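S.K.: Listed below, chain by chain, are the residues.
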Amino acid sequence: MISSDVIRGYNDTLILYMLLEGESYGYEISKNIRQLTDEKYVMKETTLYSAFTRLEKNGYIESFYQDESLGKRRTYYRITPAGLDYYREKCEEWKVTQEVVNLFIREL
Amino acid sequence: MVYLDNMFAGLPRSPEVERMKQELLSGMEDKYLELKQEGRSENEAVGIVISEFGNIEELMEELGIQTEDATETYPVLTEEEVQAYLAAKRSAGFWTGLGVWLSSAGIAFLILMDTLFESMGTSSDQGTFGIGSVLGMSGMFVLVAVAVGMFIYSGMKLGRFEYMEKGFQLPRSLLMILQRSKASFALTYRVALITGVCLCILSPVFIFAGAYVNDTYAAYGVSALLAAAGIGVFLFVYYGNIQGSYTTLLEDQHLNAAKREEARAVRAVEAVVWPLATAFFLFTGFVYQRWDINWAIFPIVGILSGSFSNVYHIMKNKKSS
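Sequences listed follow chains S and D, in order. According to the working numbering, the first sequence holds residues 1 to 108 in order. According to the working numbering, the second sequence holds residues 1001 to 1321 in order.
In short, the hints are calculated from the structure, not lab data. All clues given are correct.
Here are the simulated DSSO-like pairs of lysine-lysine, each with C-alpha atoms no more than 27 Å apart in a straight line:
1. S/Lys57 with S/Lys31
2. D/Lys1036 with S/Lys40
3. S/Lys31 with D/Lys1021
Counterexamples of contact, computed for chain D against chain S with all Cβ distances above 12 Å:
4. Gly1039
5. Leu1135
6. Lys1182
7. Ala1227
8. Ile1242
9. Glu1270
10. Val1272
11. Asn1294
12. Ile1314
13. Lys1316
For clarity, every value in this text was computed on a predicted model and none was experimentally measured. Ideal Cβ positions, reconstructed from N, Cα and C, are used throughout, including at glycine.
So that you can see chain S by itself, here it is in the shape it has in the complex (with noise of 0.2 Å):
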């Protein structure tokens, strides 16, 4: 399991990224970013839901509320264009981090 600090950086292109199929809500969000990453990471709660404040406080995603069958009623976020232009800056940034971390990588 990688370790939160690693990751910091990119829990909110993680979170995007979910987003960018269509809308959808806390649980299933971390949901699937332990399917995906076969749970080798583990998105806290604290993480997840304090990225979606600053998400939406920065206007990356917009939330709103839908009922579900059984009278729950959840919050659902989708993803903004300013959000889809931020997500794009993110991979842009990480493939050059990716490159500069690369160059000090090697076999022992």
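Here the structure of chain S is known, so what remains is to put chain D in place on it, guided by the hints.
M.R.: Relative to the frame of chain S, chain D by itself:
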């Protein structure tokens, strides 16, 4: 979930926080239900949910809430600082007490000289002031001046610790040490208080004893009363200061604003009343030559200002409760 309530207990109850809490709760419930569906036991499911909760600081940071801002801002005192404070309080108590005693000794000296020279036949009726009055007066002023110097000195010593009035924190280990030394000081304090009270109560005996002989001796008695009561007051001030330093450190740590305001109000009143009393004393002395009785203003004002501070305290408490 009780767990979540506990985690959020330290946070202010803003709508934003409430919403965040609901979100978290709903997410955790989802996770919990799914874990149960996977066939996990109740304990296991709760354990997993809690272990994947994360830390509340992360949320607070995001919501712009300063962590523990209520307590964090208070400086934590080190052992050296505490010892320095105790020492300063003790020496300030000593000098203030001595100053008070000198002031009362000064008045006693004035009465003594006045009476002494009067009884020796150098009547003060010849001039406005007899030689005794002049001698006594200058002696008194010298003593009072020295006393004022002492007050200022002890005030300066404590000035360094003014920041403590705003509140502070003590490490646990230090708290224990202080509690122990306070306990060991308790007996000394009680003995000093009782001695002081006895001195004050018994000091009028000098007057009665003097009056029994004749009027002149009654005046000497007044001098002796002032000197003795002064020693009593010295004991109050000195040991009271030491006791007060423990109280400040141990109990007033989180002294609320109202209480501090109360202390300020009492101080303000005293700052007005005492100079007034002194002016009255000097005026009645010089103009009406009533040195024999006008000293009584000081104990009267002392008692009045003491009861004012108590009444004020009670009124305040009533209002706040």
